[in-house]
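So the sequences go chain by chain: Z and X.
Just so we're aligned, residue 1 is where the first sequence starts under the numbering used here, counting upward by one.
Just so we're aligned, residue 332 is where the second sequence starts under the numbering used here, counting upward by one.
Derived by calculation from the structure, the hints in this document are not laboratory data.
Here the structure is a predicted model, which is why all the values come from computation and not from measurement.
Cβ atoms here follow ideal geometry from the backbone N, Cα and C, with glycine treated the same way.
It cannot be assumed that every hint is accurate.
[Said to hold, decoys possible] Across the chosen pairs, the derived CB separations fall in these ranges:
#, chain 1, residue 1, chain 2, residue 2, range
1, X, P541, Z, P210, 22 to 30 Å
2, X, K535, Z, M247, 53 to 61 Å
3, X, D337, Z, K202, 55 to 63 Å
4, Z, D96, X, T645, 40 to 48 Å
5, X, R540, Z, P115, 43 to 51 Å
Number of protein chains: 2
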Amino acid sequence: MTTKQDIVSRVLKGRPRRLRSAGSAFAPSNIALCKYWGKRDDDLNLPVTSSLSVSLGRLGSNVTICLREKSDSVVLNGKRFERGSSLARRVSEFLDLFRPDRRTFFKVVAVNTIPTAAGFASSASGFAAMTMALDDLFGWELDQRELSILARLGSGSACRSVYEGFVEWRAGKRPDGMDSFAEPLKAKWRGLRMGLVVISDKEKNIGSRPAMKRTRETSILYRVWPVKVAEDLPDLKQAIHRRDFPMLGKTAESNALAMHATMIDSWPPIVYWLPESVAAMKRIWNLRENGLNVYFTMDAGPNLKLLFLKQEATAVKKAFPGVQIVSPFGD
Amino acid sequence: MTTKQDIVSRVLKGRPRRLRSAGSAFAPSNIALCKYWGKRDDDLNLPVTSSLSVSLGRLGSNVTICLREKSDSVVLNGKRFERGSSLARRVSEFLDLFRPDRRTFFKVVAVNTIPTAAGFASSASGFAAMTMALDDLFGWELDQRELSILARLGSGSACRSVYEGFVEWRAGKRPDGMDSFAEPLKAKWRGLRMGLVVISDKEKNIGSRPAMKRTRETSILYRVWPVKVAEDLPDLKQAIHRRDFPMLGKTAESNALAMHATMIDSWPPIVYWLPESVAAMKRIWNLRENGLNVYFTMDAGPNLKLLFLKQEATAVKKAFPGVQIVSPFGD
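From just these sequences and the hints, can you work out the full model?
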């Protein structure tokens with residue numbers, strides 16, 4: 001059985017090592033249009049299906065890493081995390097894979113440009129930026145595919161945050177996961193906008209890791225999730241290729257709802273939706289019935305991410321006064 | 332191709348006809364624990380899967396039918412329905428199947444003992460009672476299986492309302508639907524309670540007929556709905572047989588959520604849930620986490636039907652002050 005450490009050894013084998021005093025990197029957050037839901041390997045973060053995301057431009061994580069004695073230190077947005085906290089533990093477990101020896105520790109300083117408190121804090125940009133900052137610190141000079149594989153070991157969707165723009169994570173088939181990494185699509189879509197709608201910034205009842213495990217183990221409807229993805233993924237790529245926005249919006253919204261449907265079908269049921277999430281969905285459907293081209297996607301939480309084109313920004317702001325509008329490909 | 336009229340002719344063939352001045356009958360409402368969702372024949376109301384319900388005792392429809400000249404007349408709860416109304420039209424279309432000649436019309440007087448305004452008005456008890464009242468009026472002396480087949484032609488789930496208690500509707504396989512009828516289970520469960528929780532009494536955006544059609548045509552997850560039913564139906568029967576309430580509650584709740592999940596996966600999405608429905612579900616899960624044995628089921632609407640045992644009635648009333656408690660098998 002392949003372990004995470006095996007993967008790291010294989011990727012770093014024969015790599016130069018020119019230690020610098022510190023390594024830094026930025027990685028964008030990413031929002032999946034075709035979701036990653038369910039692992040075929042829980043340890044190596046190997047997904048059941050491929051997925052497709054769009055990175056959020058300048059919204060993401062800046063990470064600086066340097067070596068340190070005694071113990072790891074994790075500072076996020078100026079706040080130091082206790083060693084026992086689940087975040088610090090998860091970071092240290094990831095760093096374990098890269099320690100030159102047992103007595104080497106790291107100081108990780110991360111600053112998120114996506115509002116963490118707003119419920120959009122994603123481990124994806126954090127683990128991607130950490131991986132890239134380690135590459136910078138140790139001078140490995142890995143290519144993006146290798147960075148994607150290593151980032152995946154920290155958090156599945158982190159493998160997509162190595163790139164800008166539209167990104168596809170190919171599920172791969174190998175048990176060791178060496179063919180499971182993300183790659184960017186060439187297309188850019190300048191007019192595309194994403195609107196972040198905060199329903200709640202409270203911590204969720206159940207994290208996405210146990211939630212996807214429970215879905216896979218208990219939902220009968222989940223059995224055809226791969227069929228759904230096999231239809232949606234090519235449709236999304238075609239929509240991007242043709243700049244067919246209604247097709248993009250419809251496919252992304254339908255994919256997100258199908259993912260939530262598999263959770264709702266799990267036992268015990270997983271319903272990330274809050275009453276206000278349902279109200280927001282209905283508001284969107286109402287806007288659409290009135291001719292506004294706006295769609296949404298949702299992840300493992302109560303918040304909505306609106307999808308629309310530049311020309312609809314004013315109408316969207318009017319309907320969702322608190323919305324934060326993001327331009328994934330710049331203004 | 333078999334038509335509804337063919338079925339009626341076949342069932343009534345060789346039957347006596349002793350016309351009385353009026354025919355009357357009562358049929359109970361029924362709530363499915365394993366849902367009927369999706370038709371294999373839209374015209375004959377033949378279901379994709381079998382289903383299982385519990386009838387609501389004295390809550391249902393009283394119907395009296397007599398012959399009349401000129402045109403049909405439909406009075407429900409003292410209110411006369413216009414001929415052009417969708418209810419009157421649907422009733423007249425059903426009555427068309429039983430007219431001795433084209434110039435014979437009916438007066439139908441129905442009184443629902445289940446609060447219609449409360450959002451639990453079901454066509455099931457109405458069409459079942461109409462079928463039984465016609466049998467009484469014409470003196471056909473049909474057996475319950477025949478009544479079940481005829482009631483099904485008015486509304487699918489009406490075939491279950493011909494019986495009291497737990498009722499199974501066997502999907503059948505024949506294209507003419509002569510093997511698609513309901514049968515009662517022997518078991519009675521005196522301690523079983525159902526709690527009707529009204530979230531909204533407004534008319535739904537989409538009726539259950541077009542909703543199941545859309546689900547069947549557009550939801551990929553619906554493809555495994557028959558697999559879900561094939562697991563839930565025997566589990567429910569076993570739970571009833573063993574008087575295993577947690578198993579009954581879990582299976583019924585999970586089945587209802589799976590049905591709603593297939594709707595959520597449809598396009599355009601069908602979400603009968605209102606924000607308050609989600610709030611009520613979360614309240615139930617919270618009660619359960621605190622040791623209360625209460626589950627729910629939901630139909631094609633925003634309201635919840637709680638499932639619990641007699642001894643929990645006080646706690647349920649406290650959590651849901653407006654709940655109407657029903658004893659399907661008497662007090």
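Do the hints match the structure? See the list:
1. P541/X with P210/Z: 22 to 30 Å: The hint (22 to 30 Å, Cβ to Cβ) is violated, given that P541/X and P210/Z are roughly 37 Å apart.
2. K535/X with M247/Z: 53 to 61 Å: violated (29 Å)
3. D337/X with K202/Z: 55 to 63 Å: holds (59 Å)
4. D96/Z with T645/X: 40 to 48 Å: Violated - the Cβ-Cβ distance for D96/Z and T645/X, about 54 Å, lies outside 40 to 48 Å.
5. R540/X with P115/Z: 43 to 51 Å: holds (45 Å)
Of the hints listed earlier, those the structure fails to meet are numbers 1, 2, 4, in rising order.
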